[in-house]
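Engineer: Quick note: the sequence shown uses our numbering, first residue 1, plus one each step.
It should be emphasised that the hints constitute simulated quantities derived from the structure, not laboratory data. From a predicted model like this one, the values you see are computed outputs, not experimental measurements. Don't take each hint at face value.
Each computed PhoX-like pair below joins lysine-lysine, with the alpha-carbon atoms no more than 25 angstroms apart [stated by the list, open to error]:
{"hint": "1", "residue 1": "Lys196", "residue 2": "Lys178"}
{"hint": "2", "residue 1": "Lys56", "residue 2": "Lys179"}
{"hint": "3", "residue 1": "Lys56", "residue 2": "Lys269"}
{"hint": "4", "residue 1": "Lys122", "residue 2": "Lys269"}
{"hint": "5", "residue 1": "Lys202", "residue 2": "Lys122"}
{"hint": "6", "residue 1": "Lys242", "residue 2": "Lys269"}
{"hint": "7", "residue 1": "Lys178", "residue 2": "Lys202"}
{"hint": "8", "residue 1": "Lys37", "residue 2": "Lys196"}
{"hint": "9", "residue 1": "Lys122", "residue 2": "Lys98"}
{"hint": "10", "residue 1": "Lys242", "residue 2": "Lys196"}
{"hint": "11", "residue 1": "Lys165", "residue 2": "Lys71"}
{"hint": "12", "residue 1": "Lys37", "residue 2": "Lys56"}
{"hint": "13", "residue 1": "Lys37", "residue 2": "Lys194"}
{"hint": "14", "residue 1": "Lys194", "residue 2": "Lys242"}
{"hint": "15", "residue 1": "Lys260", "residue 2": "Lys122"}
{"hint": "16", "residue 1": "Lys165", "residue 2": "Lys37"}
{"hint": "17", "residue 1": "Lys165", "residue 2": "Lys242"}
{"hint": "18", "residue 1": "Lys165", "residue 2": "Lys196"}
{"hint": "19", "residue 1": "Lys264", "residue 2": "Lys122"}
{"hint": "20", "residue 1": "Lys98", "residue 2": "Lys269"}
{"hint": "21", "residue 1": "Lys56", "residue 2": "Lys178"}
{"hint": "22", "residue 1": "Lys165", "residue 2": "Lys194"}
{"hint": "23", "residue 1": "Lys264", "residue 2": "Lys242"}
{"hint": "24", "residue 1": "Lys71", "residue 2": "Lys179"}
{"hint": "25", "residue 1": "Lys242", "residue 2": "Lys56"}
{"hint": "26", "residue 1": "Lys202", "residue 2": "Lys37"}
{"hint": "27", "residue 1": "Lys37", "residue 2": "Lys71"}
{"hint": "28", "residue 1": "Lys165", "residue 2": "Lys260"}
{"hint": "29", "residue 1": "Lys56", "residue 2": "Lys202"}
{"hint": "30", "residue 1": "Lys260", "residue 2": "Lys37"}
{"hint": "31", "residue 1": "Lys165", "residue 2": "Lys202"}
{"hint": "32", "residue 1": "Lys242", "residue 2": "Lys202"}
{"hint": "33", "residue 1": "Lys178", "residue 2": "Lys165"}
{"hint": "34", "residue 1": "Lys260", "residue 2": "Lys196"}
Just the calculated beta-carbon pair ranges, DEER-fashion [as the list claims (entries may be wrong)]:
{"hint": "35", "residue 1": "Ser67", "residue 2": "Thr218", "range": "23 to 29 angstroms"}
{"hint": "36", "residue 1": "Gln198", "residue 2": "Ser231", "range": "27 to 33 angstroms"}
{"hint": "37", "residue 1": "Asp107", "residue 2": "Val205", "range": "38 to 44 angstroms"}
{"hint": "38", "residue 1": "Asp107", "residue 2": "Val64", "range": "44 to 50 angstroms"}
{"hint": "39", "residue 1": "Ser42", "residue 2": "Ser121", "range": "40 to 46 angstroms"}
{"hint": "40", "residue 1": "Gln102", "residue 2": "Ser42", "range": "46 to 52 angstroms"}
From the three backbone atoms N, C-alpha and C, an ideal C-beta is built for every residue, glycine too.
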Amino acid sequence: MKLILFSKALLFIGIFGLAPRILAARSDGCADLRLSKQTLRSTSTGLTSVWVFSEKDFSQGPFVPSSTAEKSHIQWVRQRTSWSSRENLRNGIRIRQKTVNQLPRLDVFRLSLERDIRNLSKVINGSIGRIRPLRCIEGLAFREYLRIADLRSHPQEFQAIFMEKDGVIAMLGDFYRKKPSDIVGTMPSAATLKYKAQLEQKGWVFHAHLHNHPFDFTNTYGDIGGSLAPSDPDLEIYLSQKPRYALITNGIETIEIPQKDFSKFERAK
Numbered sequence: 001m002k003l004i005l006f007s008k009a010l011l012f013i014g015i016f017g018l019a020p021r022i023l024a025a026r027s028d029g030c031a032d033l034r035l036s037k038q039t040l041r042s043t044s045t046g047l048t049s050v051w052v053f054s055e056k057d058f059s060q061g062p063f064v065p066s067s068t069a070e071k072s073h074i075q076w077v078r079q080r081t082s083w084s085s086r087e088n089l090r091n092g093i094r095i096r097q098k099t100v101n102q103l104p105r106l107d108v109f110r111l112s113l114e115r116d117i118r119n120l121s122k123v124i125n126g127s128i129g130r131i132r133p134l135r136c137i138e139g140l141a142f143r144e145y146l147r148i149a150d151l152r153s154h155p156q157e158f159q160a161i162f163m164e165k166d167g168v169i170a171m172l173g174d175f176y177r178k179k180p181s182d183i184v185g186t187m188p189s190a191a192t193l194k195y196k197a198q199l200e201q202k203g204w205v206f207h208a209h210l211h212n213h214p215f216d217f218t219n220t221y222g223d224i225g226g227s228l229a230p231s232d233p234d235l236e237i238y239l240s241q242k243p244r245y246a247l248i249t250n251g252i253e254t255i256e257i258p259q260k261d262f263s264k265f266e267r268a269k
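Given only the sequences and the hints, what does the whole structure look like? Please build it.
Structural biologist: Next up, the structure:
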């Protein structure tokens, strides 16, 4: 069955004139993953690529970091914090609560921070989403980004859109290096949006959205980044575009949020 699905994946990717490259066996715990990969757009700062694989491989894992860049990134993080993702979220609550305590009860900024605290608490207690180790696909996507961008230099983000049809998934990934002066965040490239529209015309559906939240140990308030909770702009994307799942990773852990949980977050007013 897996071979049949992978053959279908190659057929689907061939529809758009792409010559798939099948990745070789790896030492990252994901050697059984059959994946075709092709570049849609390449520039001096990165690339947009499409990866095609069977839907069952979407959940394959866990991913074991094995490249030099991955090990260096994890070492850089662990030299600065030993917190788990939940402990990091609790730190975010402590920082916000400290400011809340200094503001008038009806202050607009205080109300916004209190909303943040309630949302972070829902993630911590598991009433929204599930924090888990990296799986193969998001681990390989993070590896691809580390090949292009050094996240130790300054915070940078990649993004990927997963489309599904008949048990086959196409991941449209944007992996671009950013300047320190750029706003931290990412949006789908024109190439990704064009390809997504072509797939939608052929009956593919928005299966998942993936992006990273990078660590930043330079924040003067003690927020180290890498938070596994969506920002307000993230939430707007999820609510308006309605992927089946939202995935946010910091390269060590990932939160997986099903569509039914999107509305549980309190939104900015």
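Engineer: Going straight from one Cα to the other, do Lys165 and Lys37 come out at no more than 25 angstroms?
Structural biologist: With a Cα-Cα distance of about 17 angstroms, the restraint between Lys165 and Lys37 holds, given a limit of 25 angstroms.
Engineer: Would the pair Lys202 and Lys37 pass a check requiring their Cα atoms to be no farther apart than 25 angstroms?
Structural biologist: 20 angstroms, holds
Engineer: Do the alpha carbons of Lys194 and Lys242 lie within 25 angstroms of each other, as the hint requires?
Structural biologist: Satisfied, since the Cα-Cα distance of roughly 18 angstroms is no more than 25 angstroms.
Engineer: Holds or violated: the 40 to 46 angstroms window for the beta-carbon distance between Ser42 and Ser121?
Structural biologist: Holds, since Ser42 and Ser121 (Cβ atoms, about 43 angstroms apart) stay within the stated range.
Engineer: Between Lys178 and Lys202, is the straight-line Cα distance small enough, at 25 angstroms or below?
Structural biologist: 33 angstroms, violated
Engineer: Keeping to a limit of 25 angstroms between CA atoms, is the pair of Lys56 and Lys269 held or broken?
Structural biologist: Roughly 39 angstroms separates the two Cα atoms, so the pair is violated.
Engineer: Lys56 and Lys179: Cα distance at most 25 angstroms?
Structural biologist: 37 angstroms, violated
Engineer: Under the criterion that the straight-line Cα-Cα distance not exceed 25 angstroms, is the pair Lys242, Lys269 satisfied?
Structural biologist: Given pair Lys242, Lys269 holds - Cα atoms ~20 angstroms apart, limit 25 angstroms.
Engineer: Does the structure keep Lys37 and Lys71 at a Cα separation of 25 angstroms or less?
Structural biologist: Holds, at about 24 angstroms.
Engineer: Holds or violated: Lys165 and Lys260, Cα atoms, limit 25 angstroms.
Structural biologist: Between Lys165 and Lys260 the Cα gap is close to 21 angstroms, so the pair holds against 25 angstroms.
Engineer: Does the structure keep Lys56 and Lys202 at a Cα separation of 25 angstroms or less?
Structural biologist: 21 angstroms, holds
Engineer: Verify the proposed pairing of Lys260 with Lys122, using a straight-line Cα cut of 25 angstroms.
Structural biologist: The given pair, whose Cα atoms are some 14 angstroms apart, holds under the 25 angstroms limit.
This entry does not satisfy hints 2, 3, 5, 7, 11, 21, 30 and 33, going by the numbered hints stated previously.
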